[in-house]
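K.L.:
Now for the letters of each chain:
Number of protein chains: 2
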Amino acid sequence: MHNKYSVINTPVHNVDGIAKVTGRATYTFDVQLPGMLYGKILRSPHPHAKILNIDATEALKLPGVKAVVSGKDTLGIKQGIWRRYKELCDEQVLPMDKVRYIGEPVAAVAAVTEEIAEQALDLIEVEYEVLDAVYEPFDAIKKGAPEVHEGIERNLNVTRHIEWGDVDEAFDDADYIREDWFKCGGQHHMCMETRACVSSYTPEKRLTVYASTQAPYYTQGLLAGVLGMREGDIRVIAPYVGGGFGGKFELDGAMFCSAVLSMKLFRPVKIVFTREEDLIASKRRTPMFYYVRTGVKKDGTFCARESRVFTNGGAYTGMGATALYLTGFFHSFPYKWRGYRYDGYRVYTNTMPSTSMRGFGAPQAMFCSEQQIDWIAADLGLDPIEVRRKNGHTPGYEVPGQAFIGSCGLDQSLDKIEEWIKSRGKLPANRAIGISAAGFMSGGIFNWFDTPYSFSSAVVTINEDGTVELHVGCQDIGQGSNTTMAIICAETLGVKVEDVKVHSGDTDHCPADLGAWGSRQTLMAGNATKMAAAEAKRQLLEFATAKMGPNIVYDLDIKDRWVHLVSRPEKGLDYTQVVKEALRGKEGQRIMGRGFYTPHRKGMISPAYSYMVQAVEAEIDEETGKIGVVNCVTAHDCGQPINPIGLIGQLEGAASMAVGYGYLEYMPFEDGKMMNPNLVDYKVIRAPEMPECEVIEIDTFEPEGPYGAKEAGEGLTNPTAAALGNAIFHATGLQMKECPILPEAVLNAFKEKREKEQEKKNA
Amino acid sequence: MHNKYSVINTPVHNVDGIAKVTGRATYTFDVQLPGMLYGKILRSPHPHAKILNIDATEALKLPGVKAVVSGKDTLGIKQGIWRRYKELCDEQVLPMDKVRYIGEPVAAVAAVTEEIAEQALDLIEVEYEVLDAVYEPFDAIKKGAPEVHEGIERNLNVTRHIEWGDVDEAFDDADYIREDWFKCGGQHHMCMETRACVSSYTPEKRLTVYASTQAPYYTQGLLAGVLGMREGDIRVIAPYVGGGFGGKFELDGAMFCSAVLSMKLFRPVKIVFTREEDLIASKRRTPMFYYVRTGVKKDGTFCARESRVFTNGGAYTGMGATALYLTGFFHSFPYKWRGYRYDGYRVYTNTMPSTSMRGFGAPQAMFCSEQQIDWIAADLGLDPIEVRRKNGHTPGYEVPGQAFIGSCGLDQSLDKIEEWIKSRGKLPANRAIGISAAGFMSGGIFNWFDTPYSFSSAVVTINEDGTVELHVGCQDIGQGSNTTMAIICAETLGVKVEDVKVHSGDTDHCPADLGAWGSRQTLMAGNATKMAAAEAKRQLLEFATAKMGPNIVYDLDIKDRWVHLVSRPEKGLDYTQVVKEALRGKEGQRIMGRGFYTPHRKGMISPAYSYMVQAVEAEIDEETGKIGVVNCVTAHDCGQPINPIGLIGQLEGAASMAVGYGYLEYMPFEDGKMMNPNLVDYKVIRAPEMPECEVIEIDTFEPEGPYGAKEAGEGLTNPTAAALGNAIFHATGLQMKECPILPEAVLNAFKEKREKEQEKKNA
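For the protein sequence lines, the chains are A and B, in the order given.
Just so we're aligned: the first sequence equals residues 0 to 762 in numbering that gives the first Met the number 0.
Just so we're aligned: the second sequence equals residues 0 to 762 in numbering that gives the first Met the number 0.
Don't read these hints as lab results, they were simulated from the structure.
The structure displayed is predicted, hence computed values, not measured ones.
Watch out, some of these pointers could steer you wrong.
Dumping the calculated BS3-like pairs for lysine-lysine here, alpha-carbon to alpha-carbon at most 30 Å [to be verified]:
(1) A:579 x B:77
(2) A:19 x B:495
(3) A:85 x A:141
(4) B:495 x A:495
(5) A:204 x B:579
(6) B:65 x A:204
(7) B:495 x B:579
(8) A:495 x B:204
(9) A:204 x B:558
(10) A:263 x B:601
(11) B:263 x A:19
(12) B:495 x A:579
Where chain A lies over chain B, by a calculated footprint (3+ residues, C-beta under 8 Å) [claimed, not checked]:
(13) 7-18
(14) 224-235
Every residue, glycine too, gets a C-beta built ideally from N, C-alpha and C.
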């Protein structure tokens, strides 16, 4: 297809790619400040215990130790990212009263070397009164269970209810009803870069924080809250960030403890988590127990669905409240239901807090929904693709009370995946293809952070040589958003990508933006950038129009640095020349355009939704239970792609994470203790396990997105575990209701199946 | 006097003071980048020689050496800061053809350590053809003298002519004419921080430069010129800068060589000058030979002056062309002349280039003019103060064709100094008080750099908590300009200094500004800052007016964070509340105000002038020639002071430098070689030599300045050497015509005087 754009949808290497591959990119770990100290965090060995006393006397005697801080050195403010709702701000990063999970920070040391700080940890004596603990939501929700937070009855942290239509009537109307229970595990964000922060507090009461964060503005706001400072007195700089995946936009121990230590000492303090700390004491994808009841017509038409979810919230809320809502919303996705009812219960336990992670509740929802749909189709003898086609979202659909669907490429995705499946022909006996549909949001509309700022903002300033300073608040965490913004700016202004310098990750220089989560940046920061660049272009064209003197009904535009009549592109002026003349006209002031975006009139969830259908081809070894993922093909509607190679990178990354979630990444706990907090025992997908990945692009145009773009790269974590489950189902008949689908579970399922068959035979 | 301002003229500690005294301030020397190499520069041992061949073979064999570059690795572009005039762009920082002074860069090495780079220098073999050299302007200007630059006849680099009135007629009208020849020496800028730069060039063709510079925008533009790059592809960051004094706004060897090495290696390269390098191979205050002929009436009324100046320009132009004009202009200062004629000749020699330095040609001019005035007064039996009073500038005066005098506190200054002199009573025989008047500009109007930008620009952005981001392009080099801008911004917007965060020294984030030279920032960047803050306030007041609904003729203002009716200050709103409401009204976009300043209709030199009269009390030991400076009192009209303690710091700093220039700082050369390039032999003033300094503030209001402010801190380097000379004259009758006034010269003068007296007696 002819690309009507000059820059959009042309392959662009990431603007920071060279810095990264040449080792020039400096991460928080690389930050060195004069007089900097190193911090280490003492962590709770108990899942639940009162802190009776902390004695740092011996630790402070160790030469090189400069300070030890604990809860009593803080203002004791409870914080949380749901800033608008005080009751959900439930975490003191250094607790004063008690610890609620193994690994929770109890005290922090600053010393002249990391080694000395580490040694000092052993010298801090903490007197605990160990309390009864509770680890699983169904235990924690019982009457009389230990209270993780005093006064929170049955440890019920948050409940969420979604309902539309007359659910009971719709169930009554169903020909067939099926109900299942599922269990979905946690997953670690496993960023290449562990949590890290350098805080530098100075006597003039200003704090500078270098942090590995997905959202510098959140970090600024959250730190201001707990430190009793003004946001404006805190500068957050996010250097290059080595991944976030939903785990790095809350306040973490590295940030808080380094800040508190620095405020005590008036010296910079660096804290970098070890991999083990990152595994036991950051947060995780929310484990969920899912009850799903679905009623359908004989022909596969969906009538009603009802679901109840109990999540293992761990010790604190964090982003868990959002995940609880989104899993309920996406559990309806991407289908039309006459009646839909969801009840979610987030339950506190004495385990590591659960929070958002790439997919944000949707991978769990799809694992349950999409497998059950295949089982229902099988129960009714229907084609699972046909069932999905019959019930899927279509452009212009309104999810009642929830969402407006502007663009939707679900149908085309189903067609493409059907074609691909056909192309595979007959497969060996132990091998099958499973599919799953999914969709995802393009940023959230909710404002639990209670920001007064536009959700995204951008400033475009044109230098005298035509180069462009683009200041954005959105954060590049490796996903390539700086490149995306450079492309959008270049396209809009009519210049080349290399003309645009993107500045992000510094709250002193960049406008506020909610940051990198919920797949919001391409659409929201993209819209802000487009608006800023368009405004700058408008100002430039004033001068070009004045000079060229075209008929007033003629339009001017800029493309590839050529300012021209749209109707006669050969008539024009050099862009740089127009810039210089405009600069003269403006008495030497640079052209500056500002842009911003906050979603309006787009329902409660998101301004736009991506759609996709994925096929996973897997083979299962009946002897060992071993699963091999052979192919992973996704037909993906992400609207207009901005950068095709960036898109592929994002989608392949999502697939690898999703495959890992489906059958490898497992977080076993015993008595609240994670049993595999290292990269030997915690299995992330490696090259040998990675299947062939293919992405079939479905072209749609999202009216709300910049140049028609919407989400890509997060949503693809949603369908894979379900598609893998369906592949196993079609290959073996096994219905795997627990994620990850471990070989042991497959073996057991085989065994159970054989026993049942034996029983049947015997009967 | 009641201060009508809230912030202006209240004592404010420098905003970066704590960072500096606690050692947190990071200078270019402190910059560390991954993979950084260290550079060293090989310098010419010859004052004048052809470069026949450079062989780096052996140097490159030394383990750890990564590259050696010389002129042939560059584009060979001749550069200079008088960018608008090609013929004055005469310097290749790594010359291709020949060297023109001892210490000139010939080649540069990058290695993994500074020590290895240093060793490698010895291994570079340079074949020279030594040429005849010339060191003094009167030699160099002779026919047949060696040509420093081929084809430049008589080594005449620049000539400047200033003339007004009928000079000859005015001389005819004089009752008394006196003529003298003077000689003024060079002086080293002697910044605490030597020249330093870290350049980091990346394969995407962008260059980041951390440099100790007075003008990041100039550095950016000059580097772009010599490297064949776009300005916008070069980012110049000036970290904390340890002094400039006029020596750090041209391109220097550290900048250029580190950039060329980095471009060759794609790695960051740091070059920091040693003190010796800084002394022999940066630039210096321009040495001048001054002929002055002055005609006066019997009563001391000035009729005419004619002067001719020959400067030792050294090897290249740099800022020398400006210094040549300014010395001629300030030689008329601060007096009214019916006829004035000045001819300046800048002559190339094979010595270190001469350039601008604090005072910018005026200290030399005053040394000659102000001594001669005292001698004339003595010749005619007049009171030297009375002579100055009779002829001094007055507010509203126009220096014909040159300058408009908006405010002038010369008269009051003379009164105050006269009072002080009287208060000293009778002094011991070997002690006397000399005075000197002076004035100085508040930034230059000339645009030799050919910038298309406003001379100064500022952006004020208000955060939701009322804190302010102030982005300015002006550069803090230790003089406190960031504090000055914070004060002006706080006063204008009606907030406190601690609410304002000043951002400067980064061409990617800050608007262009010509930087810190010629005392331009308080007036020019101050005006831009005031305009930006006023515009932000205007936008805020829109919302306050809408809410308060006052009678339309009422005015609102903000002071100390209180938005109120001017006529009823108790009626108002909290500033932060108005900010929050404005933010809501603007859909979450921050209030942003922009300001800029370029002087217009203010003559050819400067938009405003400071005035001062200084008294120096000195004692002279006839036995040894030793000079002791006892007191240094200045009555100083700098308009409205912005920050009284910053002002005192600047004035005391200027006095110390000026006293040093008067009798200590001496740069002897032999065959083109500086004989004392170290801090033992080159004498800067130390605490024991520093006289008591007092500043008597003369209140005026400069209409063109922000809040009435104008120059302070540079002009005070102008009068001191002359006042010291006059003190010596009044104590001893000696007329010292060479600056610095060395003890040897005083001894010789005594001897000569005694011999003359003896001759007279004998006769």
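K.L.:
For each hint, tell me whether it holds in the structure or not.
P.N.:
Cross-check of the supplied hints:
1. At most 30 Å may separate the alpha-carbon atoms for a hinted pair to count; residue 579 of chain A and residue 77 of chain B meet this at roughly 24 Å.
2. Between residue 19 of chain A and residue 495 of chain B, the direct Cα distance comes to roughly 42 Å. Violation of the 30 Å bound is thereby established for this hinted pair.
3. For the suggested pair residue 85 of chain A and residue 141 of chain A, the alpha carbons sit about 25 Å apart, so the restraint of at most 30 Å is met.
4. The suggested pairing of residue 495 of chain B with residue 495 of chain A is violated, with an alpha-carbon distance near 43 Å, which exceeds 30 Å.
5. Between residue 204 of chain A and residue 579 of chain B the CA atoms are separated by roughly 23 Å; this keeps the pair inside 30 Å, and the hint holds.
6. Between the alpha carbons of residue 65 of chain B and residue 204 of chain A the distance comes to roughly 44 Å, so the proposed pair goes past 30 Å and is violated.
7. A threshold of 30 Å between alpha carbons decides the hint, and for residue 495 of chain B with residue 579 of chain B the separation of about 17 Å falls inside it, so the pair holds.
8. Proposed proximity of residue 495 of chain A and residue 204 of chain B is supported: the alpha carbons are some 14 Å apart, at most 30 Å.
9. About 22 Å separates the Cα atoms of residue 204 of chain A and residue 558 of chain B, which keeps this hinted pair within 30 Å; it holds.
10. For the given pair, residue 263 of chain A sits about 53 Å from residue 601 of chain B by alpha-carbon distance, which is inconsistent with the 30 Å threshold.
11. Proposed proximity of residue 263 of chain B and residue 19 of chain A is supported: the alpha carbons are some 19 Å apart, at most 30 Å.
12. Between residue 495 of chain B and residue 579 of chain A the CA atoms are separated by roughly 38 Å; this puts the pair beyond 30 Å, and the hint is violated.
13. Counting residues of the stretch 7-18 of chain B whose beta carbon lies closer than 8 Å to any beta carbon of chain A gives 3, which reaches the threshold of three, so the coverage claim holds.
14. With a threshold of 8 Å between beta carbons, the proposed coverage of the stretch 224-235 of chain B by chain A holds, since 5 of its residues qualify and at least three are required.
Violated hints, in rising order: 2, 4, 6, 10, 12; the structure is consistent with all others.
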